[in-house]
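Residue numbers (the working numbering), protein chains in the order written: chain A, 1 to 174; chain B, 1 to 174.
Any given hint might turn out to be false.
Said to hold, decoys possible - Simulated crosslink set (SDA-like; lysine to any residue; CA at most 25 angstroms straight-line): (1) K54/B x L169/A; (2) K112/A x K54/B; (3) K2/A x E129/A.
Calculated directly from the structure, the hints in this document are not laboratory data.
Number of protein chains: 2
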Amino acid sequence: MKFDLEKSISILERTPVVLNSYLKGLSEDWTNHNEGENTWSPFDILGHLIVGEKTDWITRTQIIVSDNPDKNFKPFNMAAQFEYSKGKSLEHLLSEFEVLRNENLKKLRAMKLTDKQMSLTGFHPEFGEVSLKELVSTWVAHDLGHIAQISRVMAKQYKSEVGPWIKYLGILNK
Amino acid sequence: MKFDLEKSISILERTPVVLNSYLKGLSEDWTNHNEGENTWSPFDILGHLIVGEKTDWITRTQIIVSDNPDKNFKPFNMAAQFEYSKGKSLEHLLSEFEVLRNENLKKLRAMKLTDKQMSLTGFHPEFGEVSLKELVSTWVAHDLGHIAQISRVMAKQYKSEVGPWIKYLGILNK
């Protein structure tokens, strides 16, 4: 599948709805446990997605399309969610993510990006030159990856309960 | 996390809602492609979930709790969805799954299963003796596994579009 802005947005705008229907009101037994040391719970993942909305995707898009010749992206903080989410409820994070995502997609749409602009580039601290098309594609795949991760983390809470079926539940062995 | 019937149902009843918010109205570019030969698209996965509702989870639960001494499960057909889904739309499958899942959870609740009954067993064609607790836990983990799979299959449609970020998108390398 070739990159398509509208088809990308069709995934990005669903993510808060999917996360709400997946997690809202669920027991903390499902949402607050992780996969072991140095792994994230669904609660942690939600904080990470919020930090992305606040500091990554749209910020970097704006750097790429702006007239400012400085195209350097700031490094993304992969641990910021622990401080950020402290003391907040899952429900709070869910609605915060929904608001931020909807605002960001409004900003993205308002840019009325052309195909030509999708080839503009910014400078990633590790990768160097990256295009806007690659950034937005990554935003989409990153959402889908974290929905998969949430699914896996929750499934693993039943790892010792499924008995011999573990053989056919690949998700429990990842 | 120890098995809990109500907490299991809290996941099972969300799955049709999650799948609706995830897939309904989405372009076929996202829903009708797979990961390569002998893999499933989100459309195929949905058919597989329907076949499970029709022939597996509740059918096997009923075998386990019934007075009938024959506790043998029929083997599950892992290819039945291809014939079953033929000519149907994704929207059709989504609403069919929702109806079947809700009916099955109604049946499950109506059984008013006790903790003691959760240890009753049936006979699996490959594994031999399995408990009702293991069956219901597997139902839950199986749902979560297929939501993860749907996420992965959709993410992979952008595998060639994310550029160097593929390094940090583990989902694209599974």
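These are the hints, each one checked on the structure:
no., hint, result
1, K54/B x L169/A, "holds, 20 angstroms"
2, K112/A x K54/B, "violated, 47 angstroms"
3, K2/A x E129/A, "holds, 20 angstroms"
Of the numbered hints stated above, the single one contradicted by the structure is hint 2.
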